[in-house]
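Protein chains in written order, with our numbering: chain L, -12 to 349; chain F, -12 to 349; chain W, -12 to 349; chain A, -12 to 349.
Think of the hints as simulated: they come from the structure by calculation, not from any bench.
Fair warning: there could be bad hints in the mix.
A pair counts as met if it fits within one copy or between any two copies, since identical chains are not told apart.
The calculated lysine-lysine pairs, modelled on DSS-like cross-linking and capped at a C-alpha distance of 27 Å, are [claimed, not checked]:
hint: 1; residue 1: Lys64; residue 2: Lys159
hint: 2; residue 1: Lys64; residue 2: Lys312
hint: 3; residue 1: Lys166; residue 2: Lys218
hint: 4; residue 1: Lys50; residue 2: Lys263
hint: 5; residue 1: Lys80; residue 2: Lys312
hint: 6; residue 1: Lys251; residue 2: Lys(-9)
hint: 7; residue 1: Lys215; residue 2: Lys50
hint: 8; residue 1: Lys312; residue 2: Lys50
hint: 9; residue 1: Lys32; residue 2: Lys263
hint: 10; residue 1: Lys50; residue 2: Lys64
Number of protein chains: 4
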Amino acid sequence: MEKKLKVGVIGATGMIGQHYLRLLSNHPWFEVAYLAASPSSAGKKYSDAVAGRWHMREAIPEKFRNIVVEDAGNVAKAAGKCSLVFSAVEMDKQAILSLEAEYASNGFAVVSNNSAHRGSEDVPVLIPEINPEHLDVIPEQQKKRGWSKGFIVVKPNCSIQSYMLPIYALIKAGYPIEKMVVATLQALSGAGYPGPSAIDLVDNTLPYIGGEEEKSEIEPRKILGKLKNGKFVPDESIRISAHCNRVPVTDGHTACCSIQFAGKKPEMSEVIGIWKNFTALPQELKLPFAPIPPIIYREEDNRPQPQKDRDTGNGMAVTVGRLRKCNVFDYRFIGLHHNTVRGAAGGSILTAELLKAKGLLG
Amino acid sequence: MEKKLKVGVIGATGMIGQHYLRLLSNHPWFEVAYLAASPSSAGKKYSDAVAGRWHMREAIPEKFRNIVVEDAGNVAKAAGKCSLVFSAVEMDKQAILSLEAEYASNGFAVVSNNSAHRGSEDVPVLIPEINPEHLDVIPEQQKKRGWSKGFIVVKPNCSIQSYMLPIYALIKAGYPIEKMVVATLQALSGAGYPGPSAIDLVDNTLPYIGGEEEKSEIEPRKILGKLKNGKFVPDESIRISAHCNRVPVTDGHTACCSIQFAGKKPEMSEVIGIWKNFTALPQELKLPFAPIPPIIYREEDNRPQPQKDRDTGNGMAVTVGRLRKCNVFDYRFIGLHHNTVRGAAGGSILTAELLKAKGLLG
Amino acid sequence: MEKKLKVGVIGATGMIGQHYLRLLSNHPWFEVAYLAASPSSAGKKYSDAVAGRWHMREAIPEKFRNIVVEDAGNVAKAAGKCSLVFSAVEMDKQAILSLEAEYASNGFAVVSNNSAHRGSEDVPVLIPEINPEHLDVIPEQQKKRGWSKGFIVVKPNCSIQSYMLPIYALIKAGYPIEKMVVATLQALSGAGYPGPSAIDLVDNTLPYIGGEEEKSEIEPRKILGKLKNGKFVPDESIRISAHCNRVPVTDGHTACCSIQFAGKKPEMSEVIGIWKNFTALPQELKLPFAPIPPIIYREEDNRPQPQKDRDTGNGMAVTVGRLRKCNVFDYRFIGLHHNTVRGAAGGSILTAELLKAKGLLG
Amino acid sequence: MEKKLKVGVIGATGMIGQHYLRLLSNHPWFEVAYLAASPSSAGKKYSDAVAGRWHMREAIPEKFRNIVVEDAGNVAKAAGKCSLVFSAVEMDKQAILSLEAEYASNGFAVVSNNSAHRGSEDVPVLIPEINPEHLDVIPEQQKKRGWSKGFIVVKPNCSIQSYMLPIYALIKAGYPIEKMVVATLQALSGAGYPGPSAIDLVDNTLPYIGGEEEKSEIEPRKILGKLKNGKFVPDESIRISAHCNRVPVTDGHTACCSIQFAGKKPEMSEVIGIWKNFTALPQELKLPFAPIPPIIYREEDNRPQPQKDRDTGNGMAVTVGRLRKCNVFDYRFIGLHHNTVRGAAGGSILTAELLKAKGLLG
């Protein structure tokens, strides 16, 4: 058996950090060897650093309890311990930009959960099934920024994963999409911890999530865009309008989508066939976190539902249902994914697996 | 003080029937003098008939406890007791069509909560602020059906009220709407009792409500349509596409709306002004259940919310918020109304008040 | 009509402060003339001070919107504006002790929602139906503390009101209680705002509320105690054991109670009769917030429930149900009250009404 | 590898039946070879029989989809297909008594989830860690009822498992318990499907579960009792008083317990030690469903919680926390278990494993 690749988690004590540890505890390729967080946690054993704020349902994995947490800002401490860091730090945008760049400049591959770098024109926003070729920017990113070995890759906002795979599958099959109106019903875990107050989510839903609609509209265009001269040029042929709601659900984002094709539209049966047969590079490479199949189509009228479908494919698959005609556009459907797995830590781990499979981790 | 008009409730023991009694208990114009339900309740005092299944938060109004419930099918029992009946019976479509017609043929004004007659081309589907002139069909309805005095008026489905007043206000102001995509987050009370199972709504939402999307798309066109030769001709210039979700909220339907105007579009400030200044016949006639103002615009990002806004205007107002540009259409906004008040019993009471004010109740 | 007494609210911008304003907006005896909060709110109009954090379902009462908020710590600002202040400040215990004492030493009657003074041996913890005679301590409190006119009265913890009236009614009827085991299911509003995180209360309950069990066990003994030589001597003849749980309910605390009488026990029918006929000084004095009757007994197996019973008596009554034999003690029953009305602001307003009726407000 | 024992599930289409199939789909000892349900399902493939009413989060196990469902009442159909049936039929008590007896008289071991036979004096109510010796009644049961090979064993009500292991561990360690007051917060799945209405469990809890308190008080005495002359004599030395509440939680019953020892009481540290070190026959026999350890003690103040602790030990362990002194009895603690696993199907499977390990399955 090959030796595992050593990885680190910065922002390891926060909720997304905890999800990373939960998901990496038995990873076949990666071994967590470096945990870092804010100075207040530095020097403590991980189990002490998260005492009273471990939010996962599973216990802290035994193997991580005694790792001494480092100060994430002290990049020197990571030297020699790992070659890739997952970034889940919770700081302001400027601080994240600097910190992630510092790790990269010190030779680390950085796979980030944060939105800070998503707008950087030389940083890929990756969904491994959709735009793996965006990794080709890495040499240019390194050259431009003067980094010899490190680089930065980020994952998109968790709100868009419920529909990006389904619409990409259609685009790839030759049916480009021109317009899309989507309304999401998003789970609480997407807001981090503590997130919204319980008293505001009993007998209630919230019609607003700060910044979410903008991200939902902009990020898909970058993901579907092209790399030209070391920069990503967004695909402006698709226009998305998003309404983002918060609902009293722990995990699992639902998206109600109405789509208009740019040209001819496929029959409904063809759409379902495209989804059922969709497969992509992560599946071909047999990446450990790649769900097979990546898209599940449910025939029942009342599916997908977050409670019942979020864990499909170990939380990495996207479940789709209710494909039907739309009075205004061509079709409507419902998409659902697990926002803290596929939409956050799990999606980043899949990206890291892709990096490794493509030989980008040295 | 004028003597109150005597009214009846058929289907008085069901949940909507209970809402009628709750809302009519202190009505300034109407006095409930006839209660009818299925044969199994007939002959019992109302308090006994609903024992163990009174679902309102308030106690059974004292004045109704001892009224003896009649068999709704025995229309003769209503004779002389009231001149208008609110219909909230829960039966199959054909049975409702017959029963409501029988009341009408016996001289009763019937204001119905049911969907059965909504498709009848000579029966008005009324939102009193929008299409009061549709009552002009009544003489034609009576003539065609051979009824001397009785008639049938119905209220629309509860899913559409969150946006019908806001879009009608714009249409009336000279801005017709061509297309609309709406996603609703609908409360449990809209499903009647018992409605969905609790275990399906904890940590969950449901992406489907049987028949609701069709009603949401068809009924607005009839309401906005014209009466021609004794028949309603739907307004086919507006196309609506609806996604209807069930969420764990007791009362209050939220609608996320994207709209495209047919012609020129107003500025956002003008839209808000139109909504804030909107008023209509029920307000001018000072009908007791007419909310003043009928539309409330909230400036906060995170409003309207069902828990906080459903009771506005005693549950009869529509609260709107988050007007903003749409990437695909012209604008987006959120609308909210109380589905068992404005959207059901309260809306029908407002219709009955309009009938009385227009001298249609004999 | 008599002129209203001017009152103030300190801590007016917090959630309990907001409840005070909601409940006092149409009070027949009191007029709010002074609002104070932390320095960060001082100088702002009330509507600006609570912008984005007004948590009541009703809008901010129009009459309070333009009142300029003062710095609660600058007691001089209250001079001449009111003679009583309701204290709902959120500070540490020592700071509250000082601030409330400063208001009292400056001549204000202080009716406090806070726990800080509940342990002070010369400060009455009042439930107006139970221990109005504890107000006799006021002259002694004033003398001891060197206050000429001001004084402090507090209300007990919100967890105990669901059972204190029911068990006091029995005690008063000649059936002293020796032991009681109670498990509460407490609403979220009892935790203030923001309180628990939504993600922790979806598909979950919490078995612990910090400090709540101790308060639930100690405060009843003081309330049932006697005033001797200027100090309250707790009633140690009753022993209470409390389990306090947090549940996903907005308002309304439920208590499952098992009681053992000290001596003979009444028949169950007698217990119910005692509860139904219970009345006390606030009812006799017709205090505006005194519920009539104060205790409601529901015969149905599945009542009381927070959603359906919390608003009984405008949120000031206690609803009791399910009286039955206990295998271990004498009887069991369920009690329920509205924790932010009877258990917090409403309870304090009733106390202030009692102070006024007894001529203690100058 | 030994050949698996063939088992059947009667009532296979209901919610508990579905849990059996979910839990048995990869069982190392048992193979499901017979599925039976009501006549309306008979003759259909299992996947068709449960179409639209499969309530598990996981899909129907592939291997069961095509099994043809038999009419449970036609016992002859089971002949030769299996030697043990798990009974999860939903019928009235008399019908269950007859049907289970008929399976037993036809030579099948019946392990039942139903309450029907719990009161039968020769039928053991089994918690495998507590009273495995109650299986000694089987020869006497067979003799008395004239059964040559079949027999009936039942599992107790799901409300009691949260405290039975913890109190039994103390009793076994030499600390008999005299009195116990328990208040439960029970999950929705305990009510079967559909169970309570969603609208009754949003912003609400229910203070009553029909029949549950009686079962919670009576069944522990039988489980802790002795077998004498072919009959179970309940242990009347323990008195339990139970308050049972329904809360909006999908799975996981919480119990707030106050206990009084009959004699001397252990120190708190000893209690915790007893729980942590508790082990019993199923653990010694390494039964596949036996959790190791069976009791988990959590040190945190706010544990156990249903959302976080129900899946401990694959849903078969009991999690305990908050051991503290009681003002009325000796100690208080919180217990929690997964009601559809340990408390229902999983508990019965553990019983079946014990039967096999003890050679009682022929």
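Non-conforming hints, listed in increasing numerical order: Hint check: 1, 2, 6, 7 and 8 fail, others pass.
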